[in-house]
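Novice: Please arrange chain B on chain A, whose structure you already have, making use of the hints.
Here is what each chain is made of, one letter per residue.
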Amino acid sequence: MLEVSNLDVFYGKSQALRDVSLRVDEKEIVALVGANGAGKTTLLNTISGLLRPASGSVEFLGQRIDRLAPHIIMQLGISHIPEGRKLFSDMTVRENLELGAYTSAAWKRRKETLEQVYKIFPVLKERGGQSASKLSGGEGQMVAIGRGLMSSPRLCMFDEPSYGLAPKLFSEVLEVIKHLREEGITILLIEQNVRNTLETADRAYVLENGQIVLEGKGKDLLRDEQVKKAYLGL
Amino acid sequence: MHILEGQGVTKLFGGLAAVSNVDFHVDQGEIVGQIGPNGAGKTTLFNLISAALPFSSGEIRFKGQKLNGLKPNQICQKGVARTFQQTKIFADMPVFQNVLVGASFGTPNRLSQADAAREASQKLEFVGLSAMSATLVKDLTLVNQKRVEVARALATKPELLLLDELMAGLNPTEVSEAMELVRKIRDEGITIFMVEHVMKAIMGICGRVMVLHHGEKIAEGTPQEISCNKQVIEIYLGEEAHAGS
Numbered sequence: 010m011l012e013v014s015n016l017d018v019f020y021g022k023s024q025a026l027r028d029v030s031l032r033v034d035e036k037e038i039v040a041l042v043g044a045n046g047a048g049k050t051t052l053l054n055t056i057s058g059l060l061r062p063a064s065g066s067v068e069f070l071g072q073r074i075d076r077l078a079p080h081i082i083m084q085l086g087i088s089h090i091p092e093g094r095k096l097f098s099d100m101t102v103r104e105n106l107e108l109g110a111y112t113s114a115a116w117k118r119r120k121e122t123l124e125q126v127y128k129i130f131p132v133l134k135e136r137g138g139q140s141a142s143k144l145s146g147g148e149g150q151m152v153a154i155g156r157g158l159m160s161s162p163r164l165c166m167f168d169e170p171s172y173g174l175a176p177k178l179f180s181e182v183l184e185v186i187k188h189l190r191e192e193g194i195t196i197l198l199i200e201q202n203v204r205n206t207l208e209t210a211d212r213a214y215v216l217e218n219g220q221i222v223l224e225g226k227g228k229d230l231l232r233d234e235q236v237k238k239a240y241l242g243l
Numbered sequence: 009m010h011i012l013e014g015q016g017v018t019k020l021f022g023g024l025a026a027v028s029n030v031d032f033h034v035d036q037g038e039i040v041g042q043i044g045p046n047g048a049g050k051t052t053l054f055n056l057i058s059a060a061l062p063f064s065s066g067e068i069r070f071k072g073q074k075l076n077g078l079k080p081n082q083i084c085q086k087g088v089a090r091t092f093q094q095t096k097i098f099a100d101m102p103v104f105q106n107v108l109v110g111a112s113f114g115t116p117n118r119l120s121q122a123d124a125a126r127e128a129s130q131k132l133e134f135v136g137l138s139a140m141s142a143t144l145v146k147d148l149t150l151v152n153q154k155r156v157e158v159a160r161a162l163a164t165k166p167e168l169l170l171l172d173e174l175m176a177g178l179n180p181t182e183v184s185e186a187m188e189l190v191r192k193i194r195d196e197g198i199t200i201f202m203v204e205h206v207m208k209a210i211m212g213i214c215g216r217v218m219v220l221h222h223g224e225k226i227a228e229g230t231p232q233e234i235s236c237n238k239q240v241i242e243i244y245l246g247e248e249a250h251a252g253s
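Protein chains in written order, with this note's numbering: chain A, 10 to 243; chain B, 9 to 253.
Same shape as in the complex, but just chain A (with noise of 0.2 Å):
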């Protein structure tokens, strides 16, 4: 479904990504992990356009869109959570949620949709109303995925969902993911909670510096000495 082949991506004359490839096919949960740092987040930032690779190509559902611009890209079904959340503060949870489905076709479907969030995160359904900027980080965070779902994507990129969630609501987005993909909607996430994401994924990446060292099932990873000394803390 999404095939990235030897990027190169620099900012000014640093270096951020060495000929890095990797593939998602339809319907898996692909986990990237690494170091802070390591180029994960430039990775998705050049999946979804907001960065253009020196070289290197990526290619979504069989057509190149590494140089696209990042509303197009997003019409074609990739939908990004950036770190961070980066909601519109001024705008109320219900605006912020609805800004997501703003191509022609979830705009038409956005009651639905808005539904279909709201069961997932029942909290945002009572705060609908409310400023963005009043949110908890936690609730901020819920907000940030559920406006990721509302363009009705075919690949969803999480970039750090756990950041700044309590235990129990991480293992609930979790669940929440693993939901997505039976769902029919394919994972491509990032996260520092390492062990669990492991163990929910079914394949990884391991970038280290800007290059992928190491890719294996996620169960193997959780084994590999090598992963479990520099990213578990064991």
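Hints may contain errors.
As the list claims (entries may be wrong) - Derived coverage of chain A by chain B (criterion: at least 3 residues anywhere in the stretch with Cβ under 8 Å from a Cβ of chain B; other residues may be distant):
#1 78-86
#2 101-114
#3 195-207
#4 231-242
Claimed, not checked - Examples of chain A residues toward chain B, derived with CB under 10 Å:
#5 V42
#6 L223
#7 G227
Unchecked claim - Using 27 Å as the maximum straight-line C-alpha spacing, the simulated DSS-like pairs for lysine-lysine come out as follows:
#8 K86(B) / K226(A)
#9 K22(A) / K146(B)
#10 K228(A) / K79(B)
#11 K143(A) / K192(B)
#12 K143(A) / K165(B)
Don't read these hints as lab results, they were simulated from the structure.
Ideal Cβ placement from N, Cα and C applies to all residues, glycine included.
Specialist: Just chain B, lined up with the frame of chain A:
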């Protein structure tokens, strides 16, 4: 000695009690944790202590002296520094200048320019960011931005440091490093009050933990006591997670 003490602290947002009649204290030299579900009022309590928000009723004392009515900058100069869950930094300024702001304007006694600069570079070294001193803060990862906030807070020479989710976004190995940093700060004689969801950190470094839920304090105790508390497991930890990861 109670370095920080709150009595009947209450904050209403419209009809909603974000913090409701909370009594709490932090002793000198302690590392105290604050946990609770999202929306429980943890950050709001920090906002009341640091006067980012006015409170509705109750009082907070720092070293016996009332903080009510003081401005955020005055509270900082009295020795209470903080970091933010959603980083509040000068994104277009280099790392060093961000920390210099703390050393220049936040300290109890005004430092000379030279002293402030020396203080700022020491604190950058302390948090391990010396190499990025000239980088614009917006070009840092979120995690390093949080470290800039820690350095900026330390540069104000605080006696009490409020840390709001310093560990968020760190993988377990990085959490261990950050725990080391917090211990190191405490060993410098700075008392720590921290909001954190990463239970490994709470269990590993806090002497005492308080739990907020719907704005009320529902439990308090050692990390071990708290992690076995049925209500805390039910509302916060979840069945499988209380070992932390």
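Novice: To test your reading of the hints: which numbers does this structure violate?
Specialist: 1, 2, 6, 7, 8, 10, 11, 12
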